[in-house]
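Asks: What follows is the residue order along each chain.
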Amino acid sequence: MKRLELTRREVLARLGGGVLVLAFAPACVAQNRNSGGQANDRIAAWLHIGPEGKVTVFTGKVEVGQDIRTSLTQAVAEELRLPMDAIELVMGDTDRVPFDQGTFGSRTTPTMAPILRRAAASARETLLDLAAARWSVDRSGLVAEGGTVRGGGHSATYGDLAKDQPLDKPVREVPLTEPKDWKVMGRPMPKVGGRAIVTGRHAYTSDLRRPAC
Amino acid sequence: MDAKVTLRVNGEARTIEVFPDTSLLEVLRDDLGLTGAKYGCGEGMCGACTVLVGGKPTRSCVTPAAEVKAEVVTIEGLAQGDRLHPLQQAFLEEGAMQCGYCVTGMIMNAAGLLATNAKPTTAQIKEHMEGNVCRCCTYERIVAAIERAARAEESR
Numbered sequence: 165m166k167r168l169e170l171t172r173r174e175v176l177a178r179l180g181g182g183v184l185v186l187a188f189a190p191a192c193v194a195q196n197r198n199s200g201g202q203a204n205d206r207i208a209a210w211l212h213i214g215p216e217g218k219v220t221v222f223t224g225k226v227e228v229g230q231d232i233r234t235s236l237t238q239a240v241a242e243e244l245r246l247p248m249d250a251i252e253l254v255m256g257d258t259d260r261v262p263f264d265q266g267t268f269g270s271r272t273t274p275t276m277a278p279i280l281r282r283a284a285a286s287a288r289e290t291l292l293d294l295a296a297a298r299w300s301v302d303r304s305g306l307v308a309e310g311g312t313v314r315g316g317g318h319s320a321t322y323g324d325l326a327k328d329q330p331l332d333k334p335v336r337e338v339p340l341t342e343p344k345d346w347k348v349m350g351r352p353m354p355k356v357g358g359r360a361i362v363t364g365r366h367a368y369t370s371d372l373r374r375p376a377c
Numbered sequence: 014m015d016a017k018v019t020l021r022v023n024g025e026a027r028t029i030e031v032f033p034d035t036s037l038l039e040v041l042r043d044d045l046g047l048t049g050a051k052y053g054c055g056e057g058m059c060g061a062c063t064v065l066v067g068g069k070p071t072r073s074c075v076t077p078a079a080e081v082k083a084e085v086v087t088i089e090g091l092a093q094g095d096r097l098h099p100l101q102q103a104f105l106e107e108g109a110m111q112c113g114y115c116v117t118g119m120i121m122n123a124a125g126l127l128a129t130n131a132k133p134t135t136a137q138i139k140e141h142m143e144g145n146v147c148r149c150c151t152y153e154r155i156v157a158a159i160e161r162a163a164r165a166e167e168s169r
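So the sequence lines, in the order shown, correspond to chains A and B.
Remember, the numbering used here sits 164 above the position in the first sequence when you count from 1.
Remember, the numbering used here sits 13 above the position in the second sequence when you count from 1.
It should be emphasised that the hints constitute simulated quantities derived from the structure, not laboratory data.
It is possible that part of the hints are untrue.
Unchecked claim - Which bits of chain B does chain A cover? Going by a derived footprint, with three or more residues having C-beta under 8 Å, they are:
#, segment
1, 44 to 58
2, 114 to 124
3, 154 to 160
What the hints assert, rightly or not - Estimated spans, in silico, between C-beta atoms of each pair:
#, chain 1, residue 1, chain 2, residue 2, range
4, A, 257, B, 32, 31 to 39 Å
5, B, 106, A, 204, 51 to 59 Å
6, B, 148, A, 265, 22 to 30 Å
Each residue gets a CB set at the ideal place from its N, CA and C atoms; glycine is no exception.
Extracted from the complex, chain B is given alone in its bound form (with noise of 0.2 Å):
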């Protein structure tokens, strides 16, 4: 270890030793014990280890801890307290899932749609979701999921 870094995830800041390589998935999984992230590819190609890093979705599994200057949002951070995000609520509601790995990333990564496109058009919605794979292939109610929470939002 020849590195400390201090993240601010979640709202909280910690500090944690890492080597310069350290990816900031396996600081959020095994350092911090925040497990909702998933390594799924390791290549930053299937999505599955997004989390909101200033607000933009970010691949973790690619990106070296030591590196990460802004606030870390994953999706432990998401809801507050027992009032699920809209769009955790929309997944729900429309049962966009089967196992389920490919979710948390697949929320996290439309989190950061809604914040910078509150209306995403459908074809919006799916060039933005389509570096997120789900082997499930529970795609069409992911985006209904999506539309869904778009409209909870704007009716809020």
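The shape of chain A in the complex, shown without the other chains (with noise of 0.2 Å):
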């Protein structure tokens, strides 16, 4: 009888090799916590930003040390004028975030950082909306910037704006902050959550246990 013996090098190369991760999701399951079932259209389905001002961002994409939890947070820092630190990204949970057929290809930066962008512009927009309707003045006075949005001699904190508001308007062609403006993308930064990888802190799949296990 013939023995089917496959070294692991014929093995990776019959799979195609490379970084393969996939995520299945039902493409009606769009929903998280905040956005309840929102359509990806929507920036609650994206993002969500507390009271405290923290912003949780939804992404079907899934961390595994390409560092796209570095480069997505920096995407929507960029646009929300955030620090990195204001930002926590939920990754591949799939019971919360939107639909994604999977992570690979090296589609993430192509892909993902020009949607969190277009989410992030448009929170940012949506904020300054909200500061004008609520202070009754010109828009294009007020800047929102590092978690406050201030002008005409009024200010408040992204998330006492977005408090009353929950940021279900749909995702608009804002423009995007231009490179030539970048003060956040296309630099390196720290990992993010690299200090729990050094410390032995983070919790790698095999690290888990699940409840009475």
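Build the complex: two chains, separate frames, hints provided.
Replies: Written out as structure tokens, the structure reads:
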């Protein structure tokens, strides 16, 4: 009887090699706790601004060492004019993130980064709208920066502005920040979550303990 | 279970029951909840499970817990409160990780090197770290991080 023998190299070659991480979810499930079944063209499907100003971002992409947790955080930080540590990504939790076909083919930067940038820029513009309406001032005199909207002698934090007005608005065709104006994107940044890795606190799949296991 | 052993881990005495062939790695991860040391190959060939036993880098996956007599230091015991060990700081500053699975073993093995040779040459670092495998191939930065940590130690 002929035995099927494969070397590790052959197995990798037959699989096509490379990083392939799949996260499947039914196409109808594009909900998270905050977007409540929103379609993916709503800001709330992609990000949520908490009352204390903490921004939670939802994406079906998965971090496996390619550092997209860092690069996607940069994308959101740039458009929302926030420091990196004000942003937390929920990645690949299919109960909470919009539908995604998977993390493969180096597609995160060309596809997911623009989606999140547009959602974040839409959120920024919505915050400016909310501030202008609250203070009855011309929106062109307002600036969103570092978690606060200021202008015309007024100021309010993002969290305060978003508090009673969930970002239940469509993602808009707003202009994205030009590369020449980038302050966070396009430059090396410390790895988000790096400290947990070097201290042994980062939980890999094999480090997780299910209840009663 | 047929033997009770008391290990000194990160400065604390811990008593557990073990089989004669229970590995130190199993005790650390499953009994003591110290999951910083990783299970990689399970054969002592990849270095992901490296901890210090009596100051010496040791492959915990092939070390029977019942035979451990000296103090065990794991990655969880390396920082002093919030202050990271120079190696941990250097790995962060050099960005010497991608997935990071090998990093805790790398740092513990390097800690063993710097404890006996505070100013290793690049060649000595590479020789000492030879048995630690990084599937992401971050080797250049790992060597740079160890050199950076050695310089930081020197200037303290």
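Asks: For every hint, state whether the structure bears it out.
Replies: Evaluated hints:
| no. | hint | verdict |
| --- | --- | --- |
| 1 | 44 to 58 | holds (count 6) |
| 2 | 114 to 124 | holds (count 4) |
| 3 | 154 to 160 | violated (count 0) |
| 4 | A:257 <-> B:32: 31 to 39 Å | 38 Å, holds |
| 5 | B:106 <-> A:204: 51 to 59 Å | 38 Å, violated |
| 6 | B:148 <-> A:265: 22 to 30 Å | 25 Å, holds |
Hints 3 and 5 from the earlier list are contradicted by this structure; the remaining hints agree with it.
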